[in-house]
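*Asks:* Sequence:
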Amino acid sequence: MPYQNVFVEFCEQIKSSIDQGTFAKLTFAKTMGDTELKNIYVQLRHLENGAYDFALNLRYKTEEIEQFYPAEEVFTALGTYIRNPFTSVVLFTTEMDLTFKVNKKGAGSLIEQDPTFKHASPAMLEIGKRNPAH
81 MPYQNVFVEF
91 CEQIKSSIDQ
101 GTFAKLTFAK
111 TMGDTELKNI
121 YVQLRHLENG
131 AYDFALNLRY
141 KTEEIEQFYP
151 AEEVFTALGT
161 YIRNPFTSVV
171 LFTTEMDLTF
181 KVNKKGAGSL
191 IEQDPTFKHA
201 SPAMLEIGKR
211 NPAH
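Residues in the sequence shown are numbered from 81 upward in steps of one, following my numbering.
Hint data in this document are derived by calculation from the structure and do not stem from the laboratory. Computed from a prediction, not measured in an experiment: that's the story for all the values here. Positions of the beta carbon are idealized from the N, C-alpha and C atoms, including for glycine. Some hints could be false.
Said to hold, decoys possible - Think about it this way: if two alpha-carbon atoms lie no more than 16 Å apart in a straight line, the pair counts; the simulated EDC-like pairs of lysine to aspartate or glutamate are:
1. 105 / 177
2. 181 / 89
3. 118 / 152
4. 118 / 99
5. 198 / 146
6. 95 / 146
7. 105 / 143
8. 95 / 153
9. 95 / 116
10. 141 / 177
11. 95 / 177
12. 181 / 192
To be verified - Simulated DEER-style distance windows between Cβ atoms:
13. 125 / 184: 31 to 37 Å
14. 150 / 190: 23 to 29 Å
15. 113 / 175: 29 to 35 Å
16. 119 / 189: 16 to 22 Å
Given these sequences and hints, build the entire structure.
*Replies:* Here's what the structure looks like:
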């Protein structure tokens, strides 16, 4: 299956984990070759108005850059890093770890494993306090 279709499904899982209050973090880790950009860590950031956005911490060989995206733009931004240079992204939730992978032929897959984290992200917990529906 082309990785774009699987990535859309992966993004739906991210949204679902936020809606359910189980989101812990998101990590881009495996790259294609030796690249300047080494990792991207994605976390929720609680805003004063009760909403949230996403903080992307881009870790390069020599520096770190932090970028912020509203929920409606973050998945488009994250998609630009798939195969450019990342081939693997892990969603950590309190219910499971879900790994999105792209192989050399461009096919995507999802692999579910036991959860690494027992607690949701601090921002997720804050959102839950202000929004009991989460």
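*Asks:* Check each numbered hint against the structure and report the violated ones by number, ascending.
*Replies:* 3, 4, 5, 6, 7, 9 and 10
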